[in-house]
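Be aware that the sequence shown starts at -8, since it is given in our numbering, and climbs by one per residue.
In short, the hints are calculated from the structure, not lab data.
We treat Cβ as the ideally placed atom computed from N, Cα and C, and that holds for glycine.
Take the hints with a grain of salt, since some may be wrong.
[Stated by the list, open to error] So the derived label-pair ranges between C-beta atoms look like this:
(1) LEU15 x GLN57: 42 to 52 Å
(2) VAL77 x ALA(-7): 41 to 51 Å
(3) GLN57 x ILE33: 12 to 22 Å
(4) ALA19 x PHE64: 23 to 33 Å
(5) THR53 x LEU15: 47 to 57 Å
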Amino acid sequence: MAQEVAQIANDAIQAVASAPSLDLNGLAVGLVMAFGGLGPAIGIGLIGSKAMEAIGRNPEATGKIQTNMILGFAFAEAVAIYSLVVALILKFV
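Take the sequences, apply the hints, and build the full model.
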């Protein structure tokens, strides 16, 4: 009985070892870029929208608003660049 169980276990181990491996690297890269780009895209859209509303309410403050808007764009875009770096590391390492 014990020999039969050992033989069945060995057969199962060999079947699992010989099965083709599932490569999820491409899926991981795609998800990193999708979620890493989604947040900054929404953030940049909201920053631009609110900046245009603020300029519409107070046109004299256009310079200050525009400076802060561009700074906000840069910070939001940095997150997307970090996700690109992570995706490239996942892809090639």
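12 to 22 Å as the expected CB spacing between ILE33 and GLN57, which holds or is violated
With Cβ atoms ~21 Å apart, the hint holds.
Pairwise beta carbon distance, LEU15 to GLN57, judged against the given window 42 to 52 Å:
44 Å, holds
Do the beta carbons of VAL77 and ALA(-7) sit within 41 to 51 Å of each other?
Given about 49 Å between the Cβ atoms, the range holds.
C-beta pair THR53, LEU15: status relative to the range 47 to 57 Å that was hinted:
About 48 Å separates the Cβ atoms of THR53 and LEU15, which means 47 to 57 Å holds.
Measuring from beta carbon to beta carbon, are ALA19 and PHE64 in 23 to 33 Å?
Cβ of ALA19 to Cβ of PHE64: about 28 Å, so the range 23 to 33 Å holds.
Comparing the model with each numbered hint stated earlier shows that all of them hold.
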